[in-house]
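Peer 1: Residue numbers (my numbering), protein chains in the order written: chain A, 206 to 407; chain B, 149 to 276.
Keep in mind that the hints were calculated from the coordinates and are not lab data.
It cannot be assumed that every hint is accurate.
With a cut-off of at most 30 angstroms between alpha-carbon atoms, the simulated DSBU-like pairs for lysine-lysine come out as follows [to be verified]:
1) K292(A) - K272(B)
2) K196(B) - K292(A)
3) K292(A) - K159(B)
4) K159(B) - K207(B)
5) K207(B) - K292(A)
6) K255(B) - K292(A)
7) K230(B) - K292(A)
Restraint ranges, calculated between C-beta atoms of paired labels, are given here [as the list claims (entries may be wrong)]:
8) P235(A) - K230(B): 33 to 43 angstroms
9) N206(B) - D213(A): 56 to 66 angstroms
10) A156(B) - H239(A): 34 to 44 angstroms
11) T150(B) - E319(A): 49 to 59 angstroms
12) E286(A) - P175(B): 32 to 42 angstroms
13) A233(B) - P235(A): 14 to 24 angstroms
14) N206(B) - V370(A): 14 to 24 angstroms
15) E286(A) - N206(B): 47 to 57 angstroms
16) G202(B) - P305(A): 37 to 47 angstroms
17) L273(B) - G232(A): 52 to 62 angstroms
18) K255(B) - G232(A): 53 to 63 angstroms
Going by beta-carbon spacing under 8 angstroms, a handful of chain B positions derived as facing chain A [what the hints assert, rightly or not]:
19) L191
20) F195
21) I203
22) K207
23) E209
Idealized CB from N, CA, C, for every residue including glycine.
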Amino acid sequence: MRWLWIDDILAFERGREIVTLRGVRPGDAPLPHHFAATDAPDRGAIRGAGSACPVMPASLIIEGCAQSGGILIGEMLGFRERVILAKISRAEFDLDAPAPCTLRYRTVLVQLGETGASTESEIARQTPGASEWRPAGRVSLMFSRLDRVAPQAAHGTSSVVFGAVFRELLQRAGIDAPGTPDHAANPHGSARAAEPTRKADD
Amino acid sequence: MTRDEIFANIKNVLVDALAVDEDEVTPEATLTRDLGAESIDFLDIVFKLEQAFGIKVNKGELFPDNVTQDPEFVQGGKVTAKGLAALRQRLPHADFASLGENPPVNKVADVFTVDTLVSFVERKLASK
Numbered sequence: 206m207r208w209l210w211i212d213d214i215l216a217f218e219r220g221r222e223i224v225t226l227r228g229v230r231p232g233d234a235p236l237p238h239h240f241a242a243t244d245a246p247d248r249g250a251i252r253g254a255g256s257a258c259p260v261m262p263a264s265l266i267i268e269g270c271a272q273s274g275g276i277l278i279g280e281m282l283g284f285r286e287r288v289i290l291a292k293i294s295r296a297e298f299d300l301d302a303p304a305p306c307t308l309r310y311r312t313v314l315v316q317l318g319e320t321g322a323s324t325e326s327e328i329a330r331q332t333p334g335a336s337e338w339r340p341a342g343r344v345s346l347m348f349s350r351l352d353r354v355a356p357q358a359a360h361g362t363s364s365v366v367f368g369a370v371f372r373e374l375l376q377r378a379g380i381d382a383p384g385t386p387d388h389a390a391n392p393h394g395s396a397r398a399a400e401p402t403r404k405a406d407d
Numbered sequence: 149m150t151r152d153e154i155f156a157n158i159k160n161v162l163v164d165a166l167a168v169d170e171d172e173v174t175p176e177a178t179l180t181r182d183l184g185a186e187s188i189d190f191l192d193i194v195f196k197l198e199q200a201f202g203i204k205v206n207k208g209e210l211f212p213d214n215v216t217q218d219p220e221f222v223q224g225g226k227v228t229a230k231g232l233a234a235l236r237q238r239l240p241h242a243d244f245a246s247l248g249e250n251p252p253v254n255k256v257a258d259v260f261t262v263d264t265l266v267s268f269v270e271r272k273l274a275s276k
């Protein structure tokens with residue numbers, strides 16, 4: 206099982222927006238065990254495959270949006286606080302995500318407060334051979350700044366997300382992560398991401 | 149903005165934040181017991197109130213913060229006289245009179261009704 210549910214950061218604008226990508230591949234761990242609830246054509250099922258075609262679970266798409274939002278919020282806080290997903294305010298899906306396809310999460314920071322934050326993500330899906338991105342869903346999330354709301358719970362806990370792979374993902378996008386656990390040991394790629402790093406293609 | 153208009157906007161906020169039906173949102177409805185709000189929902193409500201009314205709500209300004217956890221304010225699972233005084237002083241929009249003396253700490257949440265939110269927003273808008 207993989208814990209990181211985004212593959213690349215396509216664009217990043219500090220405090221405003223992050224655009225991330227997730228490739229959905231036939232061999233991904235959860236896919237062989239998760240199937241669409243319906244093979245209705247308007248859900249984007251692969252023609253002829255019907256409900257026998259495994260799809261990316263919606264819960265992991267939400268997790269991808271949460272990780273994207275976590276980067277957006279965490280960067281604003283210098284990655285020094287534990288920011289956790291606290292509430293799924295809304296999750297609507299128009300299309301399934303059968304392998305192979307690519308998902309794009311465009312996530313904006315709606316609010317950042319003393320104890321929490323909220324984000325909204327628009328999900329789009331691109332299938333092989335198609336140049337267009339089709340709207341696939343919307344997710345609204347709330348995050349809790351654990352160190353502020355429950356310092357006792359946060360004390361002594363380590364970050365599951367901020368492993369080497371996650372740090373490398375940030376570095377590739379030029380996002381500095383001074384508060385992540387291994388930054389002092391490996392402070393490469395420390396360009397400050399105050400401006401958009403790359404523009405997402407529409 | 150009239151009190152009725154504030155109530156109408158708060159109803160929209162609560163329907164969105166708590167996924168409740170409009171007719172459940174009455175002035176007397178308590179946020180936790182009647183509308184099912186949990187701890188994270190209070191932050192959601194604060195965010196949505198800020199957006200709906202263009203106000204800034206500071207930590208601990210609308211709902212209690214670090215009062216019910218303070219051993220000086222809560223002893224043996226009950227709110228002390230000093231604790232009640234602190235709640236009244238910090239949260240003047242809420243009516244703590246119904247709690248009586250030395251109420252169980254888990255009853256404090258019952259004070260927060262839809263009408264409490266209306267009173268809070270009314271005060272905030274008046275002070276802008």
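Peer 1: It remains to establish, for every hint, whether it holds in the given structure.
Peer 2: How the hints compare with the structure:
1. A threshold of 30 angstroms between alpha carbons decides the hint, and for K292(A) with K272(B) the separation of about 27 angstroms falls inside it, so the pair holds.
2. Pair hint K196(B) plus K292(A) holds up; C-alpha atoms about 14 angstroms apart against a cutoff of 30 angstroms.
3. Our distance criterion of 30 angstroms between C-alpha atoms is met by K292(A) and K159(B), whose separation comes to about 20 angstroms.
4. A C-alpha spacing of about 22 angstroms is found between K159(B) and K207(B), which places the hinted pair at or below 30 angstroms, so the restraint holds.
5. With a C-alpha separation of about 19 angstroms, the suggested pair K207(B) and K292(A) falls inside the 30 angstroms cut-off, and the hint holds.
6. For the suggested pair K255(B) and K292(A), the alpha carbons sit about 24 angstroms apart, so the restraint of at most 30 angstroms is met.
7. Of the supplied pair hints, the one linking K230(B) and K292(A) is violated, its CA atoms being roughly 34 angstroms apart against a limit of 30 angstroms.
8. Our hint of 33 to 43 angstroms for P235(A) and K230(B) is violated, since their Cβ atoms are close to 53 angstroms apart.
9. Between N206(B) and D213(A) the CB atoms are about 38 angstroms apart, so this pair departs from the stated range of 56 to 66 angstroms.
10. Between A156(B) and H239(A) the CB atoms are about 42 angstroms apart, so this pair conforms to the stated range of 34 to 44 angstroms.
11. As the Cβ distance of T150(B) to E319(A) is approximately 30 angstroms, the hint placing it in 49 to 59 angstroms is violated.
12. At about 37 angstroms, the CB distance of E286(A) to P175(B) agrees with the hint of 32 to 42 angstroms.
13. At roughly 54 angstroms, the beta-carbon separation of A233(B) and P235(A) lies outside the given 14 to 24 angstroms, and the hint is violated.
14. For N206(B) paired with V370(A), a C-beta distance near 38 angstroms fails the hint of 14 to 24 angstroms.
15. Distance hint for E286(A) and N206(B): a CB-CB separation of about 19 angstroms, inconsistent with the stated range 47 to 57 angstroms.
16. With their beta carbons about 46 angstroms apart, G202(B) and P305(A) fall inside the hinted range of 37 to 47 angstroms.
17. For L273(B) and G232(A), the Cβ-Cβ distance of about 57 angstroms falls inside the hinted range of 52 to 62 angstroms, so the restraint holds.
18. One distance hint, 53 to 63 angstroms for the beta-carbon pair K255(B) and G232(A), holds here, with the actual separation near 55 angstroms.
19. Here the hint on L191(B) is kept, as its CB sits about 5 angstroms from the closest CB of chain A, short of 8 angstroms.
20. Interface restraint check: F195(B) against chain A, minimum CB-CB distance 5 angstroms, threshold 8 angstroms, status holds.
21. Violation of the interface hint for I203(B) is found here, the shortest Cβ-Cβ separation to chain A being roughly 13 angstroms, above the 8 angstroms cut-off.
22. Evaluation of the K207(B) hint against chain A yields a held restraint, the C-beta minimum of about 4 angstroms falling below 8 angstroms.
23. For E209(B), the suggested interface contact is broken, since its CB lies about 10 angstroms from the closest CB of chain A, more than 8 angstroms.
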